[in-house]
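Take the given structure of chain R and dock chain V to it, following the hints.
2 protein chains.
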Amino acid sequence: MTTPANWLVSLAALAIVGTAGAAEPLASWNDGPAKQGIVTFVAAVTQKGGKDFVPEPERIAVFDNDGTLWSEQPIYVQFVFMLDQLKAVAPKHPEWKSNAAFNALMAQDKKALAELGQKPILELLAVANSGMTVGEYDQSIRTWLKSARHPQLKRPYTELVYAPMQELLAYLRANGFKTFIVSGGSVEFMRPWAEQAYGIPPEQIIGTQQEVNFAMRDGKPVLTRAPKIVFVDDGPGKPIGIYRQLGRRPIAAFGNSDGDLQMLQVTAAGAGRRLMLIVHHDDAEREVAYDRQSHIGKLDKAWDEAKAGNWIVVSMKSDWKRIFAFQK
Amino acid sequence: MTTPANWLVSLAALAIVGTAGAAEPLASWNDGPAKQGIVTFVAAVTQKGGKDFVPEPERIAVFDNDGTLWSEQPIYVQFVFMLDQLKAVAPKHPEWKSNAAFNALMAQDKKALAELGQKPILELLAVANSGMTVGEYDQSIRTWLKSARHPQLKRPYTELVYAPMQELLAYLRANGFKTFIVSGGSVEFMRPWAEQAYGIPPEQIIGTQQEVNFAMRDGKPVLTRAPKIVFVDDGPGKPIGIYRQLGRRPIAAFGNSDGDLQMLQVTAAGAGRRLMLIVHHDDAEREVAYDRQSHIGKLDKAWDEAKAGNWIVVSMKSDWKRIFAFQK
Numbered sequence: 000m001t002t003p004a005n006w007l008v009s010l011a012a013l014a015i016v017g018t019a020g021a022a023e024p025l026a027s028w029n030d031g032p033a034k035q036g037i038v039t040f041v042a043a044v045t046q047k048g049g050k051d052f053v054p055e056p057e058r059i060a061v062f063d064n065d066g067t068l069w070s071e072q073p074i075y076v077q078f079v080f081m082l083d084q085l086k087a088v089a090p091k092h093p094e095w096k097s098n099a100a101f102n103a104l105m106a107q108d109k110k111a112l113a114e115l116g117q118k119p120i121l122e123l124l125a126v127a128n129s130g131m132t133v134g135e136y137d138q139s140i141r142t143w144l145k146s147a148r149h150p151q152l153k154r155p156y157t158e159l160v161y162a163p164m165q166e167l168l169a170y171l172r173a174n175g176f177k178t179f180i181v182s183g184g185s186v187e188f189m190r191p192w193a194e195q196a197y198g199i200p201p202e203q204i205i206g207t208q209q210e211v212n213f214a215m216r217d218g219k220p221v222l223t224r225a226p227k228i229v230f231v232d233d234g235p236g237k238p239i240g241i242y243r244q245l246g247r248r249p250i251a252a253f254g255n256s257d258g259d260l261q262m263l264q265v266t267a268a269g270a271g272r273r274l275m276l277i278v279h280h281d282d283a284e285r286e287v288a289y290d291r292q293s294h295i296g297k298l299d300k301a302w303d304e305a306k307a308g309n310w311i312v313v314s315m316k317s318d319w320k321r322i323f324a325f326q327k
Numbered sequence: 000m001t002t003p004a005n006w007l008v009s010l011a012a013l014a015i016v017g018t019a020g021a022a023e024p025l026a027s028w029n030d031g032p033a034k035q036g037i038v039t040f041v042a043a044v045t046q047k048g049g050k051d052f053v054p055e056p057e058r059i060a061v062f063d064n065d066g067t068l069w070s071e072q073p074i075y076v077q078f079v080f081m082l083d084q085l086k087a088v089a090p091k092h093p094e095w096k097s098n099a100a101f102n103a104l105m106a107q108d109k110k111a112l113a114e115l116g117q118k119p120i121l122e123l124l125a126v127a128n129s130g131m132t133v134g135e136y137d138q139s140i141r142t143w144l145k146s147a148r149h150p151q152l153k154r155p156y157t158e159l160v161y162a163p164m165q166e167l168l169a170y171l172r173a174n175g176f177k178t179f180i181v182s183g184g185s186v187e188f189m190r191p192w193a194e195q196a197y198g199i200p201p202e203q204i205i206g207t208q209q210e211v212n213f214a215m216r217d218g219k220p221v222l223t224r225a226p227k228i229v230f231v232d233d234g235p236g237k238p239i240g241i242y243r244q245l246g247r248r249p250i251a252a253f254g255n256s257d258g259d260l261q262m263l264q265v266t267a268a269g270a271g272r273r274l275m276l277i278v279h280h281d282d283a284e285r286e287v288a289y290d291r292q293s294h295i296g297k298l299d300k301a302w303d304e305a306k307a308g309n310w311i312v313v314s315m316k317s318d319w320k321r322i323f324a325f326q327k
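Chains as they are written, first to last, in numbering that gives the first Met the number 0: chain R, 0 to 327; chain V, 0 to 327.
Hints were generated in silico from the structure; no laboratory data involved. Mixed in with the good hints, there may be bad ones.
DSS-like cross-link-like pairs, simulated, lysine-lysine; straight-line CA separation at most 27 Å [stated by the list, open to error]:
no.	chain 1	residue 1	chain 2	residue 2
1	R	K118	V	K227
2	V	K177	R	K219
3	R	K219	V	K306
4	V	K219	R	K300
5	R	K219	V	K219
6	R	K227	V	K118
7	V	K300	R	K219
8	R	K177	V	K219
9	R	K219	V	K50
10	R	K50	V	K219
11	V	K219	R	K297
12	V	K177	R	K177
For reference, chain R alone in the conformation it holds in the complex (with noise of 0.2 Å):
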């Protein structure tokens, strides 16, 4: 229920960022609850004077990747990049016939790789890559972007972006927040392609962590790659990347799977006005249907924790009215 005071400021937001971005904000969201409840809470938390107001600087709102900003189906993005990078060195690696994790990847096999967590997986790319200096790395991840496709969509993956989170990014900066990415994957492999896709830079994108040591070489300094995972920034590691990197509570929060749930737990907990929203994959026609049962990006207690929180759940299918900006 919108007060007809609540509607007013509602419409002067929209107005402001009407001039400031495209033709009109969300443009891609259908009306309804959700789209609703952003537009409400942006006028709520920039009304000067109201109760609810926040100053510029305290406007965080931090975001998940996979699945969030961008598919993660059928095999997060990350992964089939390491498949790659795996086979390129597996013959160097005769160890890896013994490893789980090089074989759940090989087979591509969700339920192990669920099974197995995010750390080990990337554990193995990180033996994969160690010793590469972080600019050769950073060459390699462009290099694999620009040939690599979509096994159904057949489309670069940096077109498999959601348009309307996109949108959504733009009119909460319009708005005076500073939008963050809290993603499970590693860092330097959003870095790349983060600014030009979501409007992120790399110093707003907190990740998982490899270690990286420095040296002199030839009279130049050089950071290189060293075969461990320092950080998991995964379920409670994302409020602790949050902490290390940010240092502020968020006052928004938007996930889409139980990796996501401490992240919106530590938003939810603040005090002052919060938004909490997950994107729920329920479009098998436009995208893919998951949810409680899936092994990649599994939103359960997450999903009853927005229930009872009253926190904003996405239906892709009846809330967006498209999914990739490449859909007109």
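Just chain V, lined up with the frame of chain R:
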């Protein structure tokens, strides 16, 4: 030597900044090669169409904190805070009586502290504050800062920031730079006051990291401190911290001691125009004079490298009209 053309550009840059901030940018800097070097660099990288132009998102400037932005003598401010914290809980830790770091701290033995390095000392503090929530720890720092006073200057530590560096930070930001702190101290110790003192928000502070854990307490999510240092952001750690959290190579770096050497080297090694600057503490009258022989803030190798690489070395005595803002 500055060509007339460069002078014109510099004057134009000064004019732009003049409208954005205080009456005159860099007002506490004497005219001389240091100020001229800064202004010429900023003019070059901000001149659209110029050969040294750098787009705004890549204008990253990193600043050491202790000894570069505020005083670090007679002992790092965080060590003074730690002394008070450790004294308070020492009765619970009889094992500390044989701990070298504890004894060096209690005796304020600068030579022993320098030989130990920051890690064992910060580890002691980590034990002392273990179990506190991050909110409680933050509050303990704020409370301490309110009452603590510098032993000689008798002023709150947060007044001991260098006015010329505050002006430099503002000048860079007015020219489209994003400014970061990269400190050997712990990130939590800087966050409560850096925004007011330097205009640098919590999410742009990189520092030494203590482990934190996530837990649910009475149905509320909390982060608590664990007795372990997981990352030391000093020396070679600084470019690693920058890589992890920032993900871009800075184009300008500011330090004062050998602990900043690798950060300066990595900045210098990038392509295009760069600014590397070292603050030299040579003003015994208005602050403290120290360099190659000092236990705190030793400036030796980095000074040699500055001379060899034509980095700017600021003489606090002759380049700065005043040191602190309270000196009118």
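Practice task
Would you pick out the hints that fail for this structure and give their numbers low to high?
Solution key: 5
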